[in-house]
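Undergrad: For reference, the chains in residue letters:
Protein chains: 2
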Amino acid sequence: MRIVVPAGGIGGARFLRGLKAALGTDASTGPDQATDHQITVIGNTGDDITLFGLRICPDLDTVMYTLGGGINEEQGWGRADETFTVKEELAAYGMKPTWFGLGDRDTATHIVRAQMIAAGYPLSAITEALCDRWRPGVRLLPMTDDQVETHVVIEDERGRRAVHFQEWWIEHRAALPAERIISVGAEDSRPAPGVIEAVKEADLVLLPPSNPVVSVGSILNVPGIRDALVDKTVVGVSPIIGGAPVRGMADACLTAIGVETSAGAVAAHLGSDLLDGWLVDEADAGTEVEGIEVRSRPLYMSDPESTEAIARAALDLALELRGDGGR
Amino acid sequence: MRIVVPAGGIGGARFLRGLKAALGTDASTGPDQATDHQITVIGNTGDDITLFGLRICPDLDTVMYTLGGGINEEQGWGRADETFTVKEELAAYGMKPTWFGLGDRDTATHIVRAQMIAAGYPLSAITEALCDRWRPGVRLLPMTDDQVETHVVIEDERGRRAVHFQEWWIEHRAALPAERIISVGAEDSRPAPGVIEAVKEADLVLLPPSNPVVSVGSILNVPGIRDALVDKTVVGVSPIIGGAPVRGMADACLTAIGVETSAGAVAAHLGSDLLDGWLVDEADAGTEVEGIEVRSRPLYMSDPESTEAIARAALDLALELRGDGGR
Numbered sequence: 001m002r003i004v005v006p007a008g009g010i011g012g013a014r015f016l017r018g019l020k021a022a023l024g025t026d027a028s029t030g031p032d033q034a035t036d037h038q039i040t041v042i043g044n045t046g047d048d049i050t051l052f053g054l055r056i057c058p059d060l061d062t063v064m065y066t067l068g069g070g071i072n073e074e075q076g077w078g079r080a081d082e083t084f085t086v087k088e089e090l091a092a093y094g095m096k097p098t099w100f101g102l103g104d105r106d107t108a109t110h111i112v113r114a115q116m117i118a119a120g121y122p123l124s125a126i127t128e129a130l131c132d133r134w135r136p137g138v139r140l141l142p143m144t145d146d147q148v149e150t151h152v153v154i155e156d157e158r159g160r161r162a163v164h165f166q167e168w169w170i171e172h173r174a175a176l177p178a179e180r181i182i183s184v185g186a187e188d189s190r191p192a193p194g195v196i197e198a199v200k201e202a203d204l205v206l207l208p209p210s211n212p213v214v215s216v217g218s219i220l221n222v223p224g225i226r227d228a229l230v231d232k233t234v235v236g237v238s239p240i241i242g243g244a245p246v247r248g249m250a251d252a253c254l255t256a257i258g259v260e261t262s263a264g265a266v267a268a269h270l271g272s273d274l275l276d277g278w279l280v281d282e283a284d285a286g287t288e289v290e291g292i293e294v295r296s297r298p299l300y301m302s303d304p305e306s307t308e309a310i311a312r313a314a315l316d317l318a319l320e321l322r323g324d325g326g327r
Numbered sequence: 001m002r003i004v005v006p007a008g009g010i011g012g013a014r015f016l017r018g019l020k021a022a023l024g025t026d027a028s029t030g031p032d033q034a035t036d037h038q039i040t041v042i043g044n045t046g047d048d049i050t051l052f053g054l055r056i057c058p059d060l061d062t063v064m065y066t067l068g069g070g071i072n073e074e075q076g077w078g079r080a081d082e083t084f085t086v087k088e089e090l091a092a093y094g095m096k097p098t099w100f101g102l103g104d105r106d107t108a109t110h111i112v113r114a115q116m117i118a119a120g121y122p123l124s125a126i127t128e129a130l131c132d133r134w135r136p137g138v139r140l141l142p143m144t145d146d147q148v149e150t151h152v153v154i155e156d157e158r159g160r161r162a163v164h165f166q167e168w169w170i171e172h173r174a175a176l177p178a179e180r181i182i183s184v185g186a187e188d189s190r191p192a193p194g195v196i197e198a199v200k201e202a203d204l205v206l207l208p209p210s211n212p213v214v215s216v217g218s219i220l221n222v223p224g225i226r227d228a229l230v231d232k233t234v235v236g237v238s239p240i241i242g243g244a245p246v247r248g249m250a251d252a253c254l255t256a257i258g259v260e261t262s263a264g265a266v267a268a269h270l271g272s273d274l275l276d277g278w279l280v281d282e283a284d285a286g287t288e289v290e291g292i293e294v295r296s297r298p299l300y301m302s303d304p305e306s307t308e309a310i311a312r313a314a315l316d317l318a319l320e321l322r323g324d325g326g327r
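Those protein sequences? They're chains Z and U, same order as listed.
Here the first sequence is numbered in the numbering used here, starting from 1 and rising by one per residue.
Here the second sequence is numbered in the numbering used here, starting from 1 and rising by one per residue.
Isolated chain Z (complex conformation) (with noise of 0.2 Å):
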């Protein structure tokens, strides 16, 4: 079975663990081994930023650290047992930003990255490159090998002004209020090679619960890929619970795009050319969102084993959909 996952960083990493699971896929499976299943990933690139001179791409980190068994648990992203004296150094040089979590290990891979992209390797081959030491299991490919950045226009004492996702997201905590979220770059953009091919011979995508706004609406702003999305069955997990996001502060980039931050709305706003199911939590029990299917039953990613069961309630119903009745 081919299924496409167009993922964001912590939930699309943790849902795709548990899809991994579900289908019978470890994390010590290489992507070179012959499995019934093969999962590409569409990872948002909209939240890389250039800092130090390295370029940095936490969600294809995130993505690829996961799977392949080198990321933080605790805290979801970095790398475990990472330790921050590059961090502290630069910052002793006086070096600005000061609020970006850089670790010396994941450092290391914004160096190769670097390095690649100073030797003209595209994006996709980089991430490969990369995929080369954490054989995540799943084939990843960023959205775009074009540079797509999403930038918040904000208001503070400093005047209206647009910065980059990171700087709203990690410095303010998005605490102010987003007027507007932008992808900058994006109408030029096209999507990274083997991502339209992937989706054309998928038999089905699952959209992970990611932030709908910034992570999988990123990807969906690439010219092509909602096209090609909107031919598949396409079956989602809400990220909102109760009218709240599961982790993460979506609400704040719901508020900016006038969304409301509820799993039906979220729904209604990817839409229903694009979503055929979308599963809610039970708190959400009774949502209803016309063309679309949807089915409601526990959604926090608590452990493996719930996380798990979620991919395999996503799987089982864009089977169901699909008119495969099963698997």
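Be a bit skeptical, because a hint or two may be false.
Which copy is meant is left open, because identical chains are indistinguishable; a pair holds if it fits in one copy or across any two.
Stated by the list, open to error - Think about it this way: if two alpha-carbon atoms lie no more than 20 Å apart in a straight line, the pair counts; the simulated SDA-like pairs of lysine to any residue are:
{"no.": "1", "residue 1": "96", "residue 2": "133"}
{"no.": "2", "residue 1": "96", "residue 2": "264"}
{"no.": "3", "residue 1": "96", "residue 2": "129"}
{"no.": "4", "residue 1": "232", "residue 2": "282"}
{"no.": "5", "residue 1": "96", "residue 2": "118"}
{"no.": "6", "residue 1": "200", "residue 2": "223"}
{"no.": "7", "residue 1": "96", "residue 2": "119"}
{"no.": "8", "residue 1": "96", "residue 2": "121"}
Think of the hints as simulated: they come from the structure by calculation, not from any bench.
Since the structure of chain Z is provided, determine the placement of chain U on it from the hints.
TA: Chain U only, in chain Z's frame:
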């Protein structure tokens, strides 16, 4: 008093610390503090190398860290309390080379430098910016802002080829005979801003016991520097004691250029037009070099006190030779 010191790495840095002590300036004295004495260091950049997209200047950094209180005292290079996480992670990605001792703290220095290079700053401005943090108490100038790299012609199972000095020095421990040592780019290089002016304004010039071939020699290879120095009272400290280098593998370098590994031969190689005085160890008492005033005294820089005494002896000899008769 204005003193110019062309310096390599460890030996140069330790001599400079002794010189500061002899002059009554210590590590806590910033360059903006008013003192009676000003030391300008012309730092060797021939050992500089670009690795992992970072520009590494081992000798400038050794001087900066040593005089700024950040050096690893035992090994003489690199940062105190250093860790090697980034290096280990780069190796885990299969990055080469693995033989360079790139520490995490040190990496931050190279990231700052790489960023400033990318922004168009010359090495002299970058070095000044880095020294804003370290406050070495001397004016540290690179010998040139141009890229001059020492390469070594060796022959091994892969045939005859030129390798970067660092590869020969660190990876091969200078054990492969060097057929030639080349300052690549030296002919077209220009002294960094301030270098010639500092020499012209200097009351005297002291040569620390740095490698005469790849440290002092590289500096002298930059057109204009040697010519400026010969007009000055120059006193050097022999890096060779009893026919062997005090530290490092300078003998391998001397052999490559056909100079005997002896205190006298090194002085003769540097030239009586350049050198006015030459300090040799007691083991080399009786050494005579035509046109150069040779004095013998203990030359092992075994602790701060002995190092200070050596610097004071060099200083005193220079003052004597220029006719001041003392301090």
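Undergrad: It remains to establish, for every hint, whether it holds in the given structure.
TA: Going down the list of hints, with the structure as the test:
Within a single copy, residue 96 and residue 133 get their C-alpha atoms only as close as 30 Å, which misses the 20 Å cut-off; across copies the closest is 15 Å, which meets it. Proximity of residue 96 and residue 264 under a CA criterion of 20 Å is satisfied in neither setting, with 41 Å inside one chain copy and 52 Å between copies. Proximity of residue 96 and residue 129 under a CA criterion of 20 Å is satisfied inter-copy only: 14 Å between copies versus 29 Å inside one chain copy. For a Cα distance limit of 20 Å, the shortest separation of residue 232 from residue 282 qualifies neither inside one copy, at 26 Å, nor across copies, at 87 Å.
Taking identical chains as interchangeable, the C-alpha atoms of residue 96 and residue 118 lie at most 20 Å apart only when they sit on different chains, with a minimum of 16 Å there against 22 Å within one chain. Taking identical chains as interchangeable, the C-alpha atoms of residue 200 and residue 223 lie at most 20 Å apart only when both belong to the same chain, with a minimum of 15 Å there against 64 Å between chains. In the homo-oligomer, the alpha carbons of residue 96 and residue 119 lie at most 20 Å apart only across protomers (15 Å), although the nearest pairing inside one protomer, at 26 Å, exceeds that limit. Taking CA atoms no more than 20 Å apart as the test, residue 96 paired with residue 121 passes between copies only; the shortest distance there is 18 Å, against 27 Å inside one copy.
Violation of the numbered hints given earlier is confined to hints 2 and 4; the remaining hints are satisfied by the structure.
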